[in-house]
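Q: Position 2 of the sequence shown, counting from 1, maps to 4 under our numbering, and the rest follow consecutively.
Calculated from the structure, these hints are not laboratory results.
Check each hint, because a few of them may be wrong.
[Said to hold, decoys possible] With a straight-line Cα cutoff of 35 Å, these simulated DSBU-like cross-link-like pairs (lysine-lysine) come out:
#, residue 1, residue 2
1, Lys304, Lys294
2, Lys181, Lys274
3, Lys134, Lys274
4, Lys267, Lys278
5, Lys267, Lys294
6, Lys214, Lys304
7, Lys278, Lys289
8, Lys267, Lys203
9, Lys274, Lys289
10, Lys109, Lys267
11, Lys109, Lys214
12, Lys181, Lys134
13, Lys109, Lys274
14, Lys65, Lys181
15, Lys203, Lys109
16, Lys289, Lys267
17, Lys214, Lys274
18, Lys134, Lys267
19, Lys203, Lys214
20, Lys65, Lys214
21, Lys4, Lys214
[What the hints assert, rightly or not] Pairwise CB distance ranges (calculated):
#, residue 1, residue 2, range
22, Glu235, Leu59, 11 to 21 Å
23, Asn218, Lys304, 15 to 25 Å
24, Phe56, Lys304, 25 to 35 Å
Yeah, the Cβ is synthetic: ideal placement off N, Cα and C, and Gly gets one too.
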Amino acid sequence: MKVLFENIEEFRAKSGVSVSTSMEVITPFIHDAQYLFLRPFISEDFLLELLDAFPNLNAEQQKLLPFIQRPLACFAVYKWLPQATVDISNAGVTASRESSAYQWQFKQARDSFAETAYNGLEELLNYLFNNKNDFSTWAGSDEYISRRNLLVNSTWAFNEQVNIGSSAMTYWGLSPIMKRIERAVVESNITLELVDSLRGKIVSDNLSNDEKELLNLIQPVIAHFTISQAILENSVQIKENGAMVYSALATSTANFEESKVGSDKILGEYRKQARKNGEQALIALLKYLNQKTSDQLFPSFKESHNYTGNEPDSPYQPKSTFSLL
């Protein structure tokens with residue numbers, strides 16, 4: 003059972019946990035974390051390539067390793083905590099036979115490790131994107147494309163439109179809804195051909211200035227409709243620092259909390275405002291496209307039912323949104 007840590011001291015340093023246990027005990031949790039959480043982001047082929055080479059990594063892999071080990075260690079602790087007897091204090095999380103953390107301490111600790119792990123994944127992806135020429139297996143994977151070609155493809159970009167507390171865990175928890183919004187709202191209103199063209203340019207990092215401006219108008223549409231739909235599906239709670247996912251981890255097997263923060267009335271108002279913001283952003287997007295579209299620029303938009311040409315008084319009729327989700 004091979005993992006990307008050589009010894010327990012290395013694991014402790016990356017996780018920040020004073021684990022008074024052996025590498026033999028913690029290894030199964032690291033192994034599970036590699037395949038449950040790391041593999042979907044970096045691809046199975048790239049993970050196996052690193053495991054095969056470890057610990058004799060080449061220079062570029064050595065530079066990458068710290069970006070992998072930090073989230074991997076935190077995900078492993080997240081998996082390990084339910085089966086460990088721990089003491090949680092100002093000194094951190096330590097294994098203990100004499101005491102066990104209170105339930106609120108335990109949940110707070112797991113949430114903290116999950117958030118740190120997802121923030122680490124975001125840093126890992128940024129490093130890989132910025133150094134893709136050094137990692138051909140990653141750059142040629144389906145996972146590279148699926149992470150890169152989201153129209154709102156980072157926590158920072160989403161948080162610029164809707165406050166999610168700069169939470170990478172919330173961002174990735176919302177990503178399945180974002181993908182549905184892309185299809186049901188954006189593609190249906192400005193054409194699949196235009197959206198796919200943008201995705202290709204994002205992946206190849208070759209957006210023109212006009213395309214960057216278009217993307218800047220698309221992103222608020224996706225972000226606001228995503229939050230509105232997430233509230234409808236009871237997927238988020240509203241806190242003082244923004245919208246946050248209910249799930250303790252952003253996976254398809256997420257467990258929702260039993261209680262909600264904020265009354266249904268408050269959530270309903272928040273959802274209504276998010277939808278209104280999304281509709282206004284969609285109108286601004288269509289207005290821009292009608293003003294800019296020509297035979298040379300965004301020509302596929304001419305096939306949209308929303309294309310009216312540069313006629314400022316022409317009404318835009320975006321397709322119904324939530325009924326399409």
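Q: Straight-line Cα separation of Lys65 and Lys181 no greater than 35 Å?
A: holds (32 Å)
Q: Under the criterion that the straight-line Cα-Cα distance not exceed 35 Å, is the pair Lys181, Lys274 satisfied?
A: holds (21 Å)
Q: Does the alpha-carbon distance linking Lys4 and Lys214 stay inside the 35 Å limit?
A: Violated, at about 43 Å.
Q: Need the status of pair Lys267, Lys294: alpha-carbon distance at most 35 Å?
A: Answer violated: Lys267 to Lys294 is near 41 Å, above 35 Å.
Q: I want to verify a distance hint. Is the separation of the beta carbons of Asn218 and Lys304 within 15 to 25 Å?
A: holds (22 Å)
Q: Holds or violated: Lys134 and Lys267, Cα atoms, limit 35 Å.
A: Answer violated: Lys134 to Lys267 is near 47 Å, above 35 Å.
Q: Check whether the Cα positions of Lys214 and Lys274 lie no farther apart than 35 Å.
A: holds (29 Å)
Q: Compare the distance between the alpha carbons of Lys134 and Lys274 with 35 Å, and conclude whether the hinted pair is satisfied.
A: Between Lys134 and Lys274 the Cα gap is close to 41 Å, so the pair fails against 35 Å, i.e. violated.
Q: Going straight from one Cα to the other, do Lys214 and Lys304 come out at no more than 35 Å?
A: holds (19 Å)
Q: Next pair to validate is Lys203 with Lys109; report whether the Cα-Cα distance is within 35 Å.
A: Judged against 35 Å, a Cα distance of about 42 Å means the pair is violated.
Q: Given the hinted pair Lys267 and Lys278, is their alpha-carbon gap at most 35 Å?
A: holds (16 Å)
Q: When you check the alpha-carbon spacing of Lys65 and Lys214, does it fall within 35 Å?
A: holds (31 Å)
Violation of the numbered hints given earlier is confined to hints 3, 5, 8, 11, 15, 18, 21, 22, 24; the remaining hints are satisfied by the structure.
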